[in-house]
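K.L.:
Residue numbers (numbering that gives the first Met the number 0), protein chains in the order written: chain E, 0 to 334; chain W, 0 to 376; chain U, 0 to 226.
The hints are simulated quantities; they were obtained by calculation from the structure and are not laboratory data. It is possible that part of the hints are untrue.
[Said to hold, decoys possible] Calculated cross-link-like contacts (lysine-lysine; reagent style DSS-like; alpha-carbon spacing at most 25 Å):
{"#": "1", "chain 1": "E", "residue 1": "Lys298", "chain 2": "W", "residue 2": "Lys6"}
{"#": "2", "chain 1": "W", "residue 1": "Lys93", "chain 2": "W", "residue 2": "Lys83"}
{"#": "3", "chain 1": "E", "residue 1": "Lys256", "chain 2": "W", "residue 2": "Lys51"}
{"#": "4", "chain 1": "W", "residue 1": "Lys8", "chain 2": "U", "residue 2": "Lys117"}
{"#": "5", "chain 1": "U", "residue 1": "Lys135", "chain 2": "U", "residue 2": "Lys117"}
{"#": "6", "chain 1": "W", "residue 1": "Lys22", "chain 2": "W", "residue 2": "Lys259"}
{"#": "7", "chain 1": "U", "residue 1": "Lys120", "chain 2": "W", "residue 2": "Lys8"}
{"#": "8", "chain 1": "W", "residue 1": "Lys159", "chain 2": "W", "residue 2": "Lys107"}
{"#": "9", "chain 1": "W", "residue 1": "Lys6", "chain 2": "U", "residue 2": "Lys120"}
Listed here are the chains, written in short residue letters.
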Amino acid sequence: MIFDSSIMALIMVSAIVSIMLIFAAAFAIHIIRFWDIQSGSEQQLILERRTYLISTLLIWALSFEFLSLLLFIYNAESMSGQFVGAMCATGVLNVNPWGWPTLFLKVAMFFFAAAWLALNYLDNRGYDYPLIRYKYGLLLIAVPMAITEFILQWFHFSEMDPNLITSCCGTLFSAEADGVAAEISAIAPGKAMPALVVSSVLVLFSALWVALKGRNGWLLSLSGLAAFCVSLISIVSFISLYIYEHPHHHCPFCILKQGHDYMGYFLYIPLFLAAALSLSAGVISPWRSIPSLTASVSKMVPRLSWLSLLLFMQFFLTAAWSVWRSNLTMLEVWW
Amino acid sequence: MISFLRKHKYLIDYTLSTLVRNKGKSFALLTVYTLIIFMLASVMLFTHALRKEAVSMLENSPEIIVQRLQAGRNALVPEEYLQKIGKLRGVTQKSGRLWGYYYDPAVKANYTVMTAGQASLPITEIIIGAGIARTRGLSLGDYLTLRSQSGEAYSFKVSKLLDRKSELVTTDLLLMSPLAFRRLFDIPEGFYSDLVLSVRNPREVRKVAEKLVLLLPDSRPILREEILRTYDSVFSWRQGVIFVLLMGSILAFVIFAWDKASGLSAEERREIGILKAVGWETSDVMRMKFWEGAIISLVAFLLGYLAAYAHVFFASAGLFESVLKGWAVLYPRFQLTPIVDGLQLATLFFFTVLPYILATIIPVWRTSITDPDAVMR
Amino acid sequence: MLIQLTDVRKVFNQGKANEFCAIQGITTHFEANQVSCLKGASGSGKTTLMSLIGCLSRPTSGRIQLGDRVISGLPERFLTEVRRHTFGFIFQRFNLIPGLSVLENIMLPAYPQGLPYKNLKARADRLLDQFALANKSDNMVEWLSGGESQRVAICRALINEPQILIADEPTANLDSQLSAEFMGLIDELRKAGKSVLISSHDPAVFESNVIDRLVELHDGCVVSEDV
Numbered sequence: 000m001i002f003d004s005s006i007m008a009l010i011m012v013s014a015i016v017s018i019m020l021i022f023a024a025a026f027a028i029h030i031i032r033f034w035d036i037q038s039g040s041e042q043q044l045i046l047e048r049r050t051y052l053i054s055t056l057l058i059w060a061l062s063f064e065f066l067s068l069l070l071f072i073y074n075a076e077s078m079s080g081q082f083v084g085a086m087c088a089t090g091v092l093n094v095n096p097w098g099w100p101t102l103f104l105k106v107a108m109f110f111f112a113a114a115w116l117a118l119n120y121l122d123n124r125g126y127d128y129p130l131i132r133y134k135y136g137l138l139l140i141a142v143p144m145a146i147t148e149f150i151l152q153w154f155h156f157s158e159m160d161p162n163l164i165t166s167c168c169g170t171l172f173s174a175e176a177d178g179v180a181a182e183i184s185a186i187a188p189g190k191a192m193p194a195l196v197v198s199s200v201l202v203l204f205s206a207l208w209v210a211l212k213g214r215n216g217w218l219l220s221l222s223g224l225a226a227f228c229v230s231l232i233s234i235v236s237f238i239s240l241y242i243y244e245h246p247h248h249h250c251p252f253c254i255l256k257q258g259h260d261y262m263g264y265f266l267y268i269p270l271f272l273a274a275a276l277s278l279s280a281g282v283i284s285p286w287r288s289i290p291s292l293t294a295s296v297s298k299m300v301p302r303l304s305w306l307s308l309l310l311f312m313q314f315f316l317t318a319a320w321s322v323w324r325s326n327l328t329m330l331e332v333w334w
Numbered sequence: 000m001i002s003f004l005r006k007h008k009y010l011i012d013y014t015l016s017t018l019v020r021n022k023g024k025s026f027a028l029l030t031v032y033t034l035i036i037f038m039l040a041s042v043m044l045f046t047h048a049l050r051k052e053a054v055s056m057l058e059n060s061p062e063i064i065v066q067r068l069q070a071g072r073n074a075l076v077p078e079e080y081l082q083k084i085g086k087l088r089g090v091t092q093k094s095g096r097l098w099g100y101y102y103d104p105a106v107k108a109n110y111t112v113m114t115a116g117q118a119s120l121p122i123t124e125i126i127i128g129a130g131i132a133r134t135r136g137l138s139l140g141d142y143l144t145l146r147s148q149s150g151e152a153y154s155f156k157v158s159k160l161l162d163r164k165s166e167l168v169t170t171d172l173l174l175m176s177p178l179a180f181r182r183l184f185d186i187p188e189g190f191y192s193d194l195v196l197s198v199r200n201p202r203e204v205r206k207v208a209e210k211l212v213l214l215l216p217d218s219r220p221i222l223r224e225e226i227l228r229t230y231d232s233v234f235s236w237r238q239g240v241i242f243v244l245l246m247g248s249i250l251a252f253v254i255f256a257w258d259k260a261s262g263l264s265a266e267e268r269r270e271i272g273i274l275k276a277v278g279w280e281t282s283d284v285m286r287m288k289f290w291e292g293a294i295i296s297l298v299a300f301l302l303g304y305l306a307a308y309a310h311v312f313f314a315s316a317g318l319f320e321s322v323l324k325g326w327a328v329l330y331p332r333f334q335l336t337p338i339v340d341g342l343q344l345a346t347l348f349f350f351t352v353l354p355y356i357l358a359t360i361i362p363v364w365r366t367s368i369t370d371p372d373a374v375m376r
Numbered sequence: 000m001l002i003q004l005t006d007v008r009k010v011f012n013q014g015k016a017n018e019f020c021a022i023q024g025i026t027t028h029f030e031a032n033q034v035s036c037l038k039g040a041s042g043s044g045k046t047t048l049m050s051l052i053g054c055l056s057r058p059t060s061g062r063i064q065l066g067d068r069v070i071s072g073l074p075e076r077f078l079t080e081v082r083r084h085t086f087g088f089i090f091q092r093f094n095l096i097p098g099l100s101v102l103e104n105i106m107l108p109a110y111p112q113g114l115p116y117k118n119l120k121a122r123a124d125r126l127l128d129q130f131a132l133a134n135k136s137d138n139m140v141e142w143l144s145g146g147e148s149q150r151v152a153i154c155r156a157l158i159n160e161p162q163i164l165i166a167d168e169p170t171a172n173l174d175s176q177l178s179a180e181f182m183g184l185i186d187e188l189r190k191a192g193k194s195v196l197i198s199s200h201d202p203a204v205f206e207s208n209v210i211d212r213l214v215e216l217h218d219g220c221v222v223s224e225d226v
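Just need the whole structure built from these sequences, with the hints factored in.
P.N.:
So, in structure tokens, the structure goes:
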């Protein structure tokens, strides 16, 4: 399986990102030890110039990571033909125990990256780089994450056995089966729907609050992450049903397919971006008390919050619209 | 926000003028870059299109083929088997097939001989594929003589030529009536080459196959989905292997790009120094260099991909015909159906643009940190 | 007081065998709306001092104050920010970028700020008019004469509307008549409210009556200065 070109590309990207991060981490350790903004020594000048390299490395690493997340799902989708029982990405991820953790780690890396870049952007606006040690310390966490991701992904692809019979979305996301996925699917839309409404109201209000007040970003981060989780659960629990117009098809990946108007992209892209922005707002807002950052924080936090608000709204409206236009009526089943 | 966009517009403007000013260098890089993308994209488009072709060819074939094994070799299937299968649940249709190969010493080629299905063909007439017609110089109404198993010669009149569009599959095909087939190959009445079963519901196919093996212990059911799966993995494996072979050229390209990006002439170095001295920041220079890379990559990607598209779909992959296709004598002349696939595009991007970016990050950074006071020294 | 330097030192190749102290603890100041001149033989540290004042590089130690802002501890990113809005530079060898037109060369320093093209063009045209270059605006800079190149360099230095103009050996590549013309232009700029800092070892410059204040350097130290 390793010889598949998309798989080779994915493995290559993971390896490259890991190497880039290890590189950046080595510089980061150097900076944490020797950074002294007051000094005009050549050592300090060299360190300052390296920060540009590290920022660039990270921006690229993180954009590659994001692209590889897309490619990973795409690839899983297209490989479904090669496994007995697999009909979409779910089946391929189920081929061995490494598939799902790889996906989750990629998502985690995406959010970490977004938060780190926001922090980096903010710090670069303070003339004394007040967060420099903190942010490069944080960077060191990304290294084990990237390496773990590389290893998990390697196992996932190298242990793929085309003769294995895997279970696909039909069995995994069916309310009768066991396991987390099944439990999520089994969550009655009667519960998931109100939860989605409540979390959406919460997140929209907290985004509005933070956008207007320019402070308490953590509020938005918390409600944003909650809304993100509830939204994912809702997609599995009931939104997908309306898109498929099928009362038992809970798969979160098939909505990415052409047959369903690529609805998945319109749901996932705003959702992921909105969650990343809300997280960034929370990461940034505590630094208002640092004098050199005050101005930048009070400019950035409202901006991030407005953007996050807009994207969340787009997600909720798209979700509501896809339920509304659907021919599926579940009234008598659920209520 | 607007000033941010405007700033990037200025940077792009400047980058374009720089690229034009360093024509020789940009052109060399662009050529090599385009060539790499062209090669990889050709391999990709070609194998992918072949795979799709194979898959679409199988789409109308029956879900299950049943062969009989005798001492581990294919044997003729007696007609009673059809009765033995009887009424298996889920099977909507079942029938026996007659088919085989005929070696024609005149052109040293194998024909695939099948029986014409519904269209009842007179015993003296045949339908032939375009490849046979070409090599034997046959046209409608001509006669083709075949020697039977027992040595007698039979003459058949060509009553129809098969459609050119499906030439990839039908180039060596020869269709005749069942009676003529049995006579030619000496196959007794009541026996078939294999049996085919249609199953409506794809989920029942495996169950049916299991029952078949129980019912007819000497049979071997072959599932369509299995063939499809094999095709899928064989083609992606093939593509992967070619990519590994091309890895060397990608590496060479990376080194070339690295060299081009770091080997700045004195003039270019001075230019960066001037920019920094008059008020450009390190990150502005890096952004400008980013656009340089982006523009070159975009142009190379478009040119390379379009060239590959034309090469594969209009010129029938002329450059690797002889390597990748297997028909020796009855060589099919065919046009692949153009397919552009998102996953393949993304993979191609990762194989070409990503190495390029990687090769240029450090040289670009080194250029960008030129001392702003360098021009004063 | 516009610029105040306190015990400023600049060391190159720190800690290596070829360590070299270009500026050895200079304390001086420059006033607003004056033409000041740094005088000294080549190698006396004029250029290094100019680049320190102009935020092109950072002192190894010491303190530089611009107005009421200390700039000596700023990282490069913010130094550039300050430089862009405060200083305009005229270099010894003009340092125009060949292959670009006069207009493009002049607008170059303003690109990273993302101003609307119309405003930027209007500003450049005004400068071109002022320095009698209006008919050369689309010419390539490599076709210009020495005096014209010099004037293009001045326009470029003024495009971001800086408060202070820094000129490093501006007359080194000009004949005596052009040098006198240049000093005339400098005088006009001062009258328009700019402060100018010139480094030179050309008598045509430091003996000119345009100069308000003369500071003489030798081996990285101030040897004499007008009060």
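K.L.:
Now tell me if each hint is right for this structure.
P.N.:
Quick rundown of the hints versus the structure:
1. A C-alpha spacing of about 20 Å is found between E:Lys298 and W:Lys6, which places the hinted pair at or below 25 Å, so the restraint holds.
2. Among the hinted pairs, W:Lys93 with W:Lys83 is consistent with the structure: their alpha-carbon atoms are about 12 Å apart, no more than 25 Å.
3. A threshold of 25 Å between alpha carbons decides the hint, and for E:Lys256 with W:Lys51 the separation of about 18 Å falls inside it, so the pair holds.
4. For the given pair, W:Lys8 sits about 14 Å from U:Lys117 by alpha-carbon distance, which is consistent with the 25 Å threshold.
5. Between U:Lys135 and U:Lys117, the direct Cα distance comes to roughly 19 Å. Compliance with the 25 Å bound is thereby established for this hinted pair.
6. For the hint pairing W:Lys22 with W:Lys259, the CA-to-CA distance comes to about 13 Å; that is within 25 Å, so the pair holds.
7. Our distance criterion of 25 Å between C-alpha atoms is met by U:Lys120 and W:Lys8, whose separation comes to about 15 Å.
8. Simply put, W:Lys159 and W:Lys107 have alpha-carbon atoms about 23 Å apart, close enough for the 25 Å limit, and the pair holds.
9. With a CA separation close to 15 Å, the supplied pair W:Lys6 and U:Lys120 stays within the 25 Å bound.
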